[in-house]
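Chains as they are written, first to last, in our numbering: chain A, 1 to 267; chain B, 268 to 1003.
Simulated from the structure, these hints should not be mistaken for laboratory data. One should not assume that every hint holds.
Unchecked claim - Heads up, simulated BS3-like pairs for lysine-lysine below, C-alpha to C-alpha not over 27 Å straight-line:
| no. | chain 1 | residue 1 | chain 2 | residue 2 |
| --- | --- | --- | --- | --- |
| 1 | B | K404 | B | K449 |
| 2 | A | K69 | B | K781 |
| 3 | B | K699 | B | K720 |
| 4 | B | K417 | A | K246 |
| 5 | B | K349 | A | K87 |
| 6 | B | K404 | A | K52 |
| 7 | B | K404 | A | K27 |
| 8 | A | K52 | A | K66 |
| 9 | A | K27 | B | K699 |
| 10 | B | K307 | A | K138 |
| 11 | A | K52 | B | K781 |
| 12 | A | K66 | B | K497 |
| 13 | A | K87 | A | K69 |
| 14 | A | K52 | B | K774 |
| 15 | B | K449 | A | K87 |
| 16 | A | K116 | A | K87 |
| 17 | B | K417 | A | K87 |
| 18 | A | K138 | B | K449 |
| 19 | B | K349 | A | K246 |
| 20 | B | K543 | B | K564 |
| 21 | B | K543 | A | K138 |
All of these numbers come straight from a predicted model, not from anything done at the bench.
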Amino acid sequence: MRTTFWKTGALAVAAGLLLASAATAQKVSFKDPTGDDNGPGTYTYPTDAVYKRGSFDLTGFDVESKGGKTTFDVTLNSPLDDPWGMKVGFATQMIFIFIDTGAGGFTDTVPGLNVKFDEANAWDKLVILSPQPLGRVKDEVSSKAAADRQGAILIPSRTKGAGRTISGTVDLEGDPSQWGYQVVVQSNEGFPADNDLLTRKVNEYEGQHRFGGGTDTDCDPHAIDILAGSGTGDASEVQAQHDMLKYECNPDGSAKTGAVLKMVRKS
Amino acid sequence: MRFFRGFAIGLLAAAAALTPMAAFAADGQTMIITGEDYTKWLWGTQRTDGSLYNFTTVPGEGYGDNGQGTEINFLVASRPSKYIEVTARIQSRFSQNQWTNFGGFGGINPATTEPPPSSCTGGDCGEFDPRSNEYIKMRGLTARFTPGYKWVDSVTIGSTDLGMFDPFTIGKIRYIDRDNAKAVLFQGSVADRKLGYDLIRVSLPRLWAGPNFTTGDYTAADGAYGLQLKLAPAQMFDLVGIVERVRDIEVDSRDQDFDDGRDVRTRFENDVYGLKLGIHPSSMFDIRAAAYFSDAKSEAIAGAPANFFSISGFSPVPAGELDDESYKGNVDINDPFGIGLSFNVEYFNIGAQYVSMLAARREADVLLTEGRDGAFAFPGPDNSAFGVFPGNATRIGFGGWQGPAQQVATINVDNEFTDFDEPLAETVIGWKGITLAPTWTLGNLDLSGEYTKVDYNTNWQAWGDASLPVSSTIYPNMDSDAGFRSFRNAYAPFQDRETDIFVLRAKYLLDVGKGVDVFGKVKWIDETDDRMTDASFLPYQAGDCPGGGAGCANNQRFYSAGNSTSSIYNNPPVITGANGVVGYQWKPFDSLSDDDRDMSYQLIQLGAGYQLSDNLYSSLTFEVYDVDLQDGNTAFQAYQLHSMASGDHEKNKAILFARYTLGGAEFGFNYEYNWGTFDPDFGSGFVPTAATSQIAQDFGVPVGSLGFAGRFGGWNSLEERDFRQQRLKAFMKVRF
């Protein structure tokens, strides 16, 4: 009798927790095609062996909101590793998650990405998933990001990599199914230029630690992979990405037309 | 040889063709200079202060666990034109630049001191030694050309860390030496970028890239040549082919006709061929395979050894002519059930005679397994603690290095000038086996593990050739195979070894405050090595040492014509022990079980970390090691060349870690407290003796304590010993 009691009780508690969890958690998921980790279609990886094939290839993006906190999971097309000893389960990647939570927002982004959003897709929150220590990322944001948007930039206390997924949780309330998203996959640069927020440059020719296929000036978008289309992973989203990241430079290296990003939404 | 001359001329011609581009130097170019102040504090209770690094085996270099030092690092970058980029690094290095040198004035001048000091350590030579006079040195200078030709993307001339190649062939140079390698590197692609290439000529490092850790007398023309072709015809498929040729040449002393220049001959040559295949059918499956073939040949000239004395050879490559293969295959299955559970499987087979002189020595981890831990690697770290010879006080397993080892496909392992908080590198030459490594993410809980089974291509008797004397071998038996085994030892005269590794890891983010990282690990290693398995290799005839106070007859047993293992496993003398008992000084090697090695290793780790503020993260880790090692008892005397001896080891390790960032500065703090017990178990069959005052002085043991002396005059204490060790490393990095 006693055994039955405990079994029944445990099952009830488990079921209750499951129901409670299901009742409060709100989750949305997106997919991105594989093999489009080439920015506007021409970008190539740096030549150092630490930049493994697929390690900047976005394949999945999940958002779950619960109890006033929102967790972001960004999945890539390669097992994560930590060749630089960052001690958080990944090292070479850097993820920028732009969120449109409502009206208004920013169209300019942060130094180093060289991308903008159009007015209809302005972002309100930016979550940065970096393997760098929290203090270093916050210092970079406070010294390099425009002052009016620093409050909109959220950095998880803990960012981790496990398997192929980079995750972080921030204090952010709301219904994630009603938000728009754009995920920019970049690379963690521990020695960034003054105008780069921990991002790795894209050059005309790939170098040991620089992406190639762009330009030696900053008229090209420094985005290796992004969400596109409806975020279903359909092959057509490759072209949608290339179209969004299309750019043109002036002879002096300045941007003639730059990359303009759109949000991807569930609804 | 003609090929290489032509190849070199081709490289030079191509480089010369690029020089007109300097005419396009742009006006208003900028030179960017950035710098870094790296200051390190070491403190430890070993009370050594030879240098500002915890460990080295390099003769004449110091090591220590105490001191403070600062180095400056200038990074210079400029772009004279759109075709050219120049980067440079100018740096002072710690070495023996202790703050207590007070700027380096004075000190012993080796040129005027009689007798000259055997080495300068701890800053003793002050301003007369570059290692202690705060000298500034050019660390790296690189010019990179991007001429815009179809056939070449970039030409790099100067310093490179070789990170664009492959750890089995031309591996990345370790971080602190990253600019030491100098090369000419062509990189480009053809066929609409579907076929990329890297073509390189590297000047061969004279410090270590040849037999006996040298490239001989004539070094300036030694080089390595590499070609890597990367084919990616489709998204699902890629192929990489690599060819590497290493040539260490000498002036041929047999050529006495100087009128037509001097002939050269090859001291060491090494060719490596590699093929890597990747198949990527979907994001769920990823398949990779790699195969390598190497051949190497050493000529016994200019210090290249023809062979080694069996248990004390040191060299980054076996002697003579060698060839072998290495294979690796990986299958990644990513979340096949949609529940966050993924699997990685790896097969590996690294040949016993696989040689790539420029394979990664440290800056790589070529296998999936986490292998062994650094906690028991080497005695200390302290190279003088073998206890083999008088004057080296025996020490029992201090802290070693933190964390698990990373594996490298060479015996030319580089753990020199490391501190205890850095990972240990270990050789996997000869390893063959399989690793299964699942990972499972369940919300805030990350689980991972591995099971690895290792067999060895180096399992052999009498070095694999019973027709040869066991005391003369082509294989360097660096630091011996005893104790927990040296990180760079792949070879032993007799081996029959197998290893099982089990690891379970867990990390959980506890939702308290800013989130508490809770982590832990359980690890088991079960390793057996029967070493000698054929009684015909026993050193003496049966009944040679009858016991009862009678001396051994020394009737050798020959395993082949004229060859006996008695040359290295000689019989003990008869002595009178501590209580007047007459018997053997060590147990005669008269049974195959006398040299068996059996290790049962367990590690339990538990820790927690917390982000105390935006700028400060700290963690506390506690580790318990319990190792039962039965190592050859007294016959093989394996213990004599290593301080982790046969017996029961209990080690506890508490680690306090902190990291603080402030603007462009980063501070790190790592404090470790080790304590534990060693209960020796050297078996029986010998007569313990009491330590004399001389033994006590030579080996740091109490007068009258029981032990026994080995073949080389070393002392093996039989007393249970407790140990305690504290050490601290703190650093500051300020970028400016």
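Verification of the supplied hints:
1. B:K404 to B:K449: Between B:K404 and B:K449 the Cα gap is close to 15 Å, so the pair holds against 27 Å.
2. A:K69 to B:K781: It holds: about 12 Å lies between the C-alpha atoms, which stays within 27 Å.
3. B:K699 to B:K720: Roughly 8 Å separates the two Cα atoms, so the pair holds.
4. B:K417 to A:K246: Within the cut-off at roughly 24 Å; holds.
5. B:K349 to A:K87: It is violated: about 38 Å lies between the C-alpha atoms, which goes past 27 Å.
6. B:K404 to A:K52: violated (34 Å)
7. B:K404 to A:K27: Between B:K404 and A:K27 the Cα gap is close to 56 Å, so the pair fails against 27 Å, i.e. violated.
8. A:K52 to A:K66: With a Cα-Cα distance of about 34 Å, the restraint between A:K52 and A:K66 is violated, given a limit of 27 Å.
9. A:K27 to B:K699: violated (45 Å)
10. B:K307 to A:K138: holds (25 Å)
11. A:K52 to B:K781: violated (33 Å)
12. A:K66 to B:K497: Status violated; Cα separation ~46 Å.
13. A:K87 to A:K69: Roughly 24 Å between the alpha carbons, so the hint for A:K87 and A:K69 holds.
14. A:K52 to B:K774: holds (25 Å)
15. B:K449 to A:K87: violated (31 Å)
16. A:K116 to A:K87: violated (32 Å)
17. B:K417 to A:K87: violated (41 Å)
18. A:K138 to B:K449: Roughly 38 Å between the alpha carbons, so the hint for A:K138 and B:K449 is violated.
19. B:K349 to A:K246: Measuring from Cα to Cα gives roughly 23 Å; hence the hint holds.
20. B:K543 to B:K564: At roughly 25 Å apart (the allowed maximum being 27 Å), B:K564 and B:K543 satisfy the hint.
21. B:K543 to A:K138: violated (41 Å)
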